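K.L.:
Residue strings, one per chain:
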Amino acid sequence: MTLDRITLGHFRNHTASRLDGAAQINLLVGENGAGKTNVLEALSLFAPGRGLRRAALAEMAGSGGPGGFSVSAALDSGDGNEPVMLGTGTRPDRPNRRIVQVNGAETSAVGLGEWLAVGWLTPAMDGLFTDSAGARRRYMDRLALALDPAHARQATRYDVALRERNRLLSDEMEPDPQWLDSIEAQLAEAGAALAAGRAMLVERLSTELVTLPDHPFARPALSLAPGGPAERDALLSEFARQRARDRAAQRTLTGPHRDDLEVTLSGKAMPAASCSTGEQKAMLIAITLAHAGLAAGGRPGLLLLDEVAAHLDPIRREALFDRLRAGKAQVWLTGTELAPFAGIKGEAAVWRVSGGVAEPVG
Amino acid sequence: MASQEIETLASALARLPGLGPRSARRAVLWLVKRRETALVQLVQALAAVQDTLVECSICGNVDTRDPCGICADPKRDPRQLCVVEDVADLWALDRARMFTGRYHVLGGRLSALEGIRPEDLSIGKLIERVAEGGIDEVVLAMNATLEGQTTAHYIAERLEAFPVRITQLAHGLPVGGELDYLDEGTLAQALRARRPVS
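Protein sequences, first through last, are from chains H and Z. For the first sequence, counting from 1, position 309 maps to 309 in the numbering used here; every step adds exactly one. For the second sequence, counting from 1, position 174 maps to 536 in the numbering used here; every step adds exactly one.
Simulated from the structure, these hints should not be mistaken for laboratory data. Values in this document were obtained by computation on a predicted structure and should not be read as measured data. All the pointers check out, no bait thrown in.
Quick list of the computed label-pair ranges, beta carbon to beta carbon:
{"no.": "1", "chain 1": "Z", "residue 1": "Leu415", "chain 2": "H", "residue 2": "Ala55", "range": "45 to 51 Å"}
{"no.": "2", "chain 1": "Z", "residue 1": "Leu415", "chain 2": "H", "residue 2": "Met200", "range": "51 to 57 Å"}
{"no.": "3", "chain 1": "Z", "residue 1": "Thr370", "chain 2": "H", "residue 2": "Arg245", "range": "55 to 61 Å"}
{"no.": "4", "chain 1": "H", "residue 1": "Ala240", "chain 2": "Z", "residue 2": "Leu415", "range": "40 to 46 Å"}
{"no.": "5", "chain 1": "H", "residue 1": "Ser170", "chain 2": "Z", "residue 2": "Val537", "range": "42 to 48 Å"}
{"no.": "6", "chain 1": "H", "residue 1": "Gly104", "chain 2": "Z", "residue 2": "Arg384", "range": "29 to 35 Å"}
{"no.": "7", "chain 1": "Z", "residue 1": "Leu553", "chain 2": "H", "residue 2": "Ala240", "range": "25 to 31 Å"}
{"no.": "8", "chain 1": "H", "residue 1": "Arg251", "chain 2": "Z", "residue 2": "Arg457", "range": "41 to 47 Å"}
{"no.": "9", "chain 1": "Z", "residue 1": "Arg557", "chain 2": "H", "residue 2": "Glu318", "range": "58 to 64 Å"}
From chain H, some residues computed to sit far from chain Z (all C-beta separations above 12 Å):
{"no.": "10", "residue": "Leu57"}
{"no.": "11", "residue": "Gly64"}
{"no.": "12", "residue": "Arg97"}
{"no.": "13", "residue": "Arg98"}
{"no.": "14", "residue": "Met125"}
{"no.": "15", "residue": "Gly134"}
{"no.": "16", "residue": "Val202"}
{"no.": "17", "residue": "Leu212"}
{"no.": "18", "residue": "His215"}
{"no.": "19", "residue": "Thr254"}
{"no.": "20", "residue": "Ala273"}
{"no.": "21", "residue": "Ser274"}
{"no.": "22", "residue": "Thr277"}
{"no.": "23", "residue": "Gly298"}
{"no.": "24", "residue": "Ser354"}
Heads up, the beta-carbon is just placed ideally off N, CA and C, and yes, glycines get one too.
Full structure from sequences and hints, please.
P.N.:
This is the structure:
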């Protein structure tokens, strides 16, 4: 499958860009601020949600334009049928409402998920292993959500119930024990579902990752460090048992809100946070690719890799290109120079991006 | 530009739920054109409600008499009591005409974050009603939100000691709903709450 005939109208610095002749592997080359990542962000809007920058829609409309933007592409499923036309954007009079069209008919953003599975890796995620546990929990939840849409609701329910319990525990008055019982019942139910969703994610990613060789590409080993019991009843009795301690601390000290994702470089058995920048990047790529395979679930895949080649040594870079070639997804890579892509540019479609204009190369 | 009085009316109507300034101006214009008929009727109806509006001292329903029409209705089954968060929920349930018992309006739901405590709701009064006897079943008809379900759980626990059956509204497949269009959470709930075909 390939996305092709891609147009960006008044999208950030692209007034009217058109990318024709896309291949399985696509390269966008240009200086910083040229608008390469903007193309990836536009493509990321072919998935439900807020895109790879998690930006507000109104920010995406070009400042010199009429106030709205449009992004469109033809999705060729390779089965000989007519390509499916995908389009999304905003109108100038409603800059915060996303419009989605499939074959010219308006549909919901969620409906896009039926056509494509979109995954991405951006430099903003580079610090994941050295960042807070909270950042890794949010990362796990985002990946788990792609495998199970109900995961987001459990996370929200858990979060609200947790804040309710913490408020009661930090009250000057002694908390009403039956009220605590009631909140803890909701907390344990949502918490068990949340923990199960994360455990499933880690297990399925691990199953995918274990098939990779240790060399030359970095292979991460994942495990979930639980912040509390995983089962509903065990979690419920733990909340009840720890009330005095939690009251003294004025917050809940046990539960999935204390989960962490532990990543080690297998082969070296070294915690990811202690690995080199290049090794960390290689492990993030490995997780992204493994997740893309899982999340696709039979749908065509679209993989957006922003500035991934820069931190990798030549051997790892070649290994990455081999994996991208072997994969089913269409891939979009960005870089400031063409040189790191020497090993793959022969088979790739290449654009030079400058000042919000994409020109085909070669 | 309309006069001050008309502007005041429009801005009062605009605050009604679901209306807003544009619809309010349209409503005002419509009323002004029917000054002798619709406007007079509306003024009289509003005045009548204002004069007689009371909260039922038994269930918390809003009506023009106390006890309210439902509590005073001898055809209503006094052995069944349905607990709801707000008057709007009572009216919604009663429109369905399926429940033949009486109601109890809590006046909200528990929320530690919003500072709504058990004593802010009419839970004490509910327990008094149950303690008086004569009630066989308490139906907890809270919203399926986290706060609603916390409140239902809390009331169930407070009523544990009484010899009444405590039931809760089912969550799941909506009437006329197609499975294909349901979200996974609702489907999972419907599956958990499945029952034998009678």
